[in-house]
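Visitor: All chains, full assembly: derive it from the sequences and hints.
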Amino acid sequence: MILQENPRVKHFGIQRKPLPLEPTALIREANRRRASLSAGNTSEMFDGKLGFADGSGSDASSKTSPSSKAQAISMSRTYSTPGNFEGSIDRPMRLAEIFVAAEHALKQTISNPDLLKTLSSIQDIEQKYMDLTKGAADNYHRSWWKRHGVVLDGEIAAVCFKRGNFDLAAKSYEKVCALYAGEGWQDLLAEVLPNLAECQKILNDQAGYLTSIVRLLSLDKGLFSVKERQAFQSEVVSLAHSEMKHPVPLDVSSLITFSGNPGPPLELCDGDPGTLSVTVWSGFPDEITLDSLTLTLMATYNADEGGKVWF
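Under this note's numbering, the first residue of the sequence shown carries the number 14, and numbering increases by one thereafter.
No lab work stands behind these hints: they were computed from the structure.
Keep in mind that a hint or two might mislead.
As the list claims (entries may be wrong) - Each computed DMTMM-like pair below joins lysine to aspartate or glutamate, with the alpha-carbon atoms no more than 20 Å apart: (1) LYS130 to ASP151; (2) LYS147 to GLU110; (3) LYS175 to GLU187; (4) LYS120 to GLU110.
Bear in mind that the values here come from a model prediction, so they are computed numbers and not experimental data.
Guide: Laid out in structure tokens, this is it:
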């Protein structure tokens, strides 16, 4: 089963809690629900149903005879087991029993023999999932619900990554990241952007990889642990010290914030050298040394302020 596979450790050592879809979690949830239908709770549940049926409300439990209660409990035990599967409602189900019950339910529900054959192997299930997801994504892209199509592109990218088709996975992840970034959904972007960065690193796309790392550093600090953000920074420093064939223009505007407390105005005449004090705060998790730092001032002319020039 696909759900039984061990979760893959993400790039940069990112750790996330597994989704509650693993067999062990399903067993615990199934047994919890079965335990809630114990003999006492079941009788109370059927008392309530019988009360509403005869219109007597909450007073029905006091009017129901013990024989009716016993019959209700017997009915609950009968209908709680799938098909002819023998088992007690009080005994927790084992994983093998859950598989047998699920297989029995599928055979009773699905009448298409080709679909049943598809469900017999992981590869066939995966391919059917890809076909259906691609079809749904194409329909969304042709309609006004294009964002839904992009989200499904992310599902397709995950399967492509698993199959080793990193080029197609990267293209799909780029669409998803563009959507999440445009909508300001940083929590979702933090889940997908590391996958895009891993694809770019495998494809040796240094420009895209560096851009993705910078974007990861620009996300809210609470989305990643200190150790994970340190891994982002180490990758940036490593790429900065490596010999890249072509310079990579980076948009670091998302990394720059300005203090809300402006200093006193600096009055200068044409030709005066002047002195401007600038304080730089680093948002990197670790100390970083810069060989040089260039500051560019852009002049703006404001006629409403008496012809003053602002920087």
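Visitor: Take a quick look at whether LYS175 and GLU187 sit within 20 Å of each other, Cα to Cα.
Guide: Satisfied, since the Cα-Cα distance of roughly 17 Å is no more than 20 Å.
Visitor: Does LYS130 pair with ASP151 here, judged by a C-alpha cut-off of 20 Å?
Guide: Roughly 26 Å separates the two Cα atoms, so the pair is violated.
Visitor: Given the hint that LYS147 pairs with GLU110, test it: the Cα-Cα distance must not exceed 20 Å.
Guide: 34 Å, violated
Visitor: Holds or violated: are the alpha carbons of LYS120 and GLU110 at most 20 Å from each other?
Guide: Distance ~15 Å between LYS120 and GLU110 Cα, so the pair holds.
When each numbered hint is compared with the structure, violations occur for hints 1 and 2.
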